[in-house]
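Sequence order for the protein chains is F and E.
The first sequence begins at 1 in my numbering and counts up one residue at a time.
The second sequence begins at 1 in my numbering and counts up one residue at a time.
In case anyone wonders, no lab produced these hints; they're calculated from the structure.
A virtual CB, placed ideally from N, CA and C, is assigned to each residue, including glycine.
Certain hints may be false.
To be verified - Partial selection, computed: residues in chain F whose CB lies under 10 Å from chain E:
id: 1; residue: Glu79
id: 2; residue: Arg80
id: 3; residue: Gly84
id: 4; residue: Phe87
id: 5; residue: Gln88
id: 6; residue: Met96
id: 7; residue: Leu106
id: 8; residue: Ala153
id: 9; residue: Val155
id: 10; residue: Leu162
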Amino acid sequence: MSRIEISRLGKRFGNTDVLHGVDLTVEAGELVTLLGPSGCGKTTTLRCVAGLERPDAGRIAIGGDEMASGDGRRFVAPERRNVGMVFQNYALWPHMTVFANVAYPLRVRRAPRREIGGRVMEALDAVGMAPYAERLVTQLSGGQAQRVALARAIVARPRVLLFDEPLSNLDARLRISMRQEVRAAHERTGTTSLYVTHDQEEAIALSDRVGVMRDGIIEQFGTPREIYERPATRFVATFVGFENVLPGTVCAGRPGALGVGLEPGGAVLWCDHDHSVASGRRAHLAIRAEDVLVGPEGSLDGPNVLTATLQSATYAGRQMEYVLGVEGLTITARTRHDALGAAGVEPGRSVGVALPPHALVPVGETKEDARALTPETAAPPSAGARGEPVPGAR
Amino acid sequence: MAGVPTAATGRLPRLAGAWRPSPSLAALCVIAVVLFLWPVVMLLYGAFRSAPPGVESGWTTDRFTAVFGSDSLWGSLLNSVLLSALIIGLGTALAIYFAWLVARTTTPLRRLVAPMMLVVFAIPPLFFILSWVLLGQQPVGSLNKLFQVVTGSEAAPLNIQSWYGMVAVGVMKVTAVEFLLLIGPFLALDSSMAEAARVSGSGRLRTFLQIEVPVLAPSILGVVILGFIVGLSLLDLPLVLGVPAGIDVLPTEIYRYIAARNPADYAGASTLSMLLVAIVLVLLVAQWRVLGNRQFSTVTGRGHRREPMDLGRWKYLGTAAIVLYGLVALVAPLAQFVLGSLQPYAGVYTNLTFDNYRAVFETPDLFNAFKNTLAIGLVSGFVASALAVWISLVARRPSSSPLRRLPDLTVWLLAAVPGITLGLGVLWAYLSVPGLKSLFATTWIVMIALIAGVTPIATRAVGGAVRQIGGELEESARVAGASSLRATVGIVVRLILPSFFAAWFLTFVLAAGNLDIPILLSSTENATVPTVAYDTYTTGNTAQAAATFCLLLASIVAVAAIGGLGSLLARRYLRRPRGAVRGPRLQHDPGLVDHGGGR
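Extracted from the complex, chain E is given alone in its bound form:
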């Protein structure tokens, strides 16, 4: 109470100019508009231009009407929705099952699940998809070969480039993401809710279905909508597994407007992009409405030591599910890629050789792509995470300026822009401004687009930690005599540092493995590993692509190991109290995106 009059008198003289943003907020608003809002606006602009970005042109609505009049549009839209729905339905069910096994039961091997999911999540999606192509291709995929060797028949039963292949591979990946999002709420679920049901006379299964799942419903629903958005945005999965089978979805169609037409139809691609963004926006609003109205607070500070359930014989079903998932989502793709990188030619299992690795280091393009990817990933991850911290800090500070919500809002809007459309927006945004044109086909433009692409994720990852730090901590630093800047840097930033590093790693992994953005923006001089891998896959040289990817994966592991070692040393020598503020958590915020929940 004592502080109130002081604060009031301190602010009174400035009241007249209260709408004026602080320098920090103003700077952030400029960055948000240029980096985040500008490309989205330019996407709209581009839909009505008669020529590609950077070329003199006039206004037109031709492409707009042509795209909406085309027959293929509705088929692709339907495919998109169907693919997302299938992936998310199966993936969520699996993720709930695994999260429940880990959080509530004594299933053997349950401790393996979280690390396994983290690794599956960290593997770049294209790596995963290409690996499954090598495994399940018709007719030469390794699993088909294996089947032929074992049974002696000529049949090749598996065809991964098909509807069921797309769904299966998508489910493997999405399960990991959803699991990481759901495990927090599952672990945080107040165990007395379930205990009250048990004491009321309800059995184990009934308690799970009638109490635990419904109590978690808002979290689950949030994750489902998020997953649906991710599903709609998928480019690499349908591009590699669907297009060869004649299945088109919206993102592949957008890509084809540019890559498969001569001249490239940028206006058409932009029109389609707008449709996709509009659909995602509607879903985001739906998610926001649903969560806004039904936020159950299920986490209480005081929890009893919970007794995990012994499922009896049924627990081996869980173990079997864990093993099976580990085999198809982790062991098989990894083994295939390592093996593939050692093959002299695809499908040849003798004379394994390191030639492909040698080739990576000797082929300037490949080696450059590898260096590029690391640099782009680390830099854009760092910038995005730093921006995320800044945005979260500004968002929590009360300000009467009408601009205070702007950075937050642009990030929120950005989350509705799938990778391929963001790449397109960035093209329009930078090529239409004369001075910025020189950025075209440089590493910088890829980096800028990737920063915009991963900032929403970084914001989710650090936002929780920032919100967890009560204003009292900062206020007590101020009362103790620290300036505003010093209180922010010395107390708040210091406390969210672990979350910052986690967010950096997360965004690094996502940016390095991203195909959707560089596929439009990079040229051969500044290609990244995913684009090179995709190109080599289309030209048939999968072995070198595999070797490049193995190196990238090894680098990710190395970065993780260095980070882990660093935090271990910091903890030991800086005596950081553990558990004060943990890494990114989404327990209450099944919002946009995920993070490595288990760290």
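Same shape as in the complex, but just chain F:
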């Protein structure tokens, strides 16, 4: 049970800065995910924690012990950090059996010989791979290989578990069942875990808290629910699946709500918001396609009702997907098949569209914008507490 503290972490490869001052604290026993597109620096951050990369700036501490300082004064070799790591491509050693792979961390730690057998089988049992102990790892399927890699990572009871996109080489169905394995391994060992992925569903389903990374910094850090429902920036909103982000400027306010004038049209939409924000500040409004209401012209009432031109309607299984032109902007809506009634869905038709205030999230263009929109940051949850399950995320 050790917390991971990362402060002002910087790393450059050649002439490119990959990390621009990453700040992150993973509380003891917590599972934190770094989420972001490829090239955002999430894997580099993880590898700095593992000791596989030497940071150029900042500081990393595990359990209060300094592991690396950016000035190069201190750098603890990976084998002395007492961490376990699961690699994307499994990284099992092909010349050893399953048993020998899992036993390796114990052997190098000079665990007593009679203990090794029991502990290896315990770890293999935990991931359901005990019957395969004597197999060669080259005979395993991808899912089995990753289970063995997981067993190898936890067998020596490391202070910290690191996961580098461990599920991205697996097929979709396996990926979902393996999430549970990872979460179970984390909970059973009670270690502190840092997990890297580009899959937002995975991050939200798995983590206590999520840090969304972009261009070498953490753009937003919060519980899965916060990230999923209240993204702070346009980037985060898009990344967690908000189909619509409408540019605008704050133009009015009242307790619990914010009025935002859309650009270029100038229509004012109200969104629920707990903080007062000065007029004139830029703010985008993000809304998910399934929260947009669509109906025949004039049939909708309430706030934020606009008239739109139907650009296309696409059958999307349980729902219809409508692309609408509103005030010079394009909005995607996903709704029931009968939302437009019997009037038909031919393009060019005028329809009504409502953007409910509770579903509109004001987001900033940058991290600084976001701070102006939401002055105080949310307090971290207590250690080990997990965000409530988020509907639709699994």
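Mind docking chain E on chain F? Use the hints.
Just chain E now, kept in the frame of chain F:
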């Protein structure tokens, strides 16, 4: 999926004749049999003939029983095995160390290693060996002289014509070959294997010994067996360094059956050759079995930017090893040969002169040998590389004809035939056929034998590239409307062109520097530089041999420079996408032979 029914219906009517080879396969089979298989078969035939090739004779088993009954055989066999084992053991260890330095550490000067190894590899072996004779001869070798000048003593501590001399010179050369074969797998080794071990708590050295070396074990083992085969086949090294010290190995013994007996004992030489081929075949089968069962796939597409290790103070040990190797394997022999080519007489260091070069151009024999060597090297290299491309292309295309494996198999068999025995086989093959007899002692027969000699190497060099080109590329060209021929030429051949040129250069270097084959097949009219150099060495005129060799080396450098310039221009003006298909690679295929891994 959509293509399946079409293909099936297209083939159905021809199903009855499916065993019949395509014209391309049939032609290739004929070439393979005549060029590759025939000499090997004739070697067997020759062992039981009572007279030399081309002379009327009957069957006999006399020589066969006599050779196996001779005392010298077992001594030579033991020497062969011992020499190979020593060379390969030391050479592999050095090669692994250098490959690891280059691939995984920040050792200063590591970037010099690959070019250095390429140059050592490209220097014709005889050049290298003769140069070391001049350096380490007893008592007048330059290093001995240097020792005497520096210490003032009369002693000559170095004797290169000895067991340790043979091993040392062999190791220098073999290290380069093994390095070039191993650097690919070392660079391709998935770094996460080592990283997983580090994170598991294993230190640097332990990770190297317990993870990296074992993961590479199949590659290393393949290279070791290959090196052992090369060691058993060596003729020039023991001929120059061992025979004067009374050390015989199988290839020198084969040579002596023909060169040192009057009349020459061709049947005896053939018998011994068969023994050598049999031993090599067993090793090849062993290699194939070992690799067939334990092919670890260690290369993954996505690799992290690896952080090379800083070894701290130890890295200077690596630097020292690199410098030392560069000195003994490259600088000293080259300097000695350049210096030697300028000496008026061997061992005289004053009055340096260009007379020897002038002599090369003025002596018709020498100049002819020089021209011959270039022509033979370029032509046989080109033919061998073209054949290799053809063979690889045929091998990858599915065919139900029982003949489809034949070209591949003959090449594989050919790899088990050391140079001197191949020369002997070619003698039997062409002199026993009345019409072909006129080829004897012409440049053509040397060329034909060299083509057969270097084709296995060329096949290894282009095979990887051909296999890398997925069938989809060709299929998409077919779907886009190209004919089979057009798809092959326009897409596949175009993509393997860089590998073809690399293979051509490689085989050119090997053919031009080869002594084992022309030593039996060429006459004074069509001698090559290595044979002339060997003759002049035996008669004591090393200075002119050195000058001829320096010219040959300069030509190799010139060919390389022209090739390099050509590929640079092609890349610039033809806008060839880089890295789509690279030159010959052996990462997964520590098979038979090497190539210039670093290109």
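Results of checking the hints against the structure:
no.: 1; hint: Glu79; in the structure: holds (5 Å)
no.: 2; hint: Arg80; in the structure: holds (8 Å)
no.: 3; hint: Gly84; in the structure: holds (7 Å)
no.: 4; hint: Phe87; in the structure: holds (5 Å)
no.: 5; hint: Gln88; in the structure: holds (7 Å)
no.: 6; hint: Met96; in the structure: holds (8 Å)
no.: 7; hint: Leu106; in the structure: holds (9 Å)
no.: 8; hint: Ala153; in the structure: holds (8 Å)
no.: 9; hint: Val155; in the structure: holds (9 Å)
no.: 10; hint: Leu162; in the structure: holds (8 Å)
This entry satisfies every hint, going by the numbered hints stated previously.
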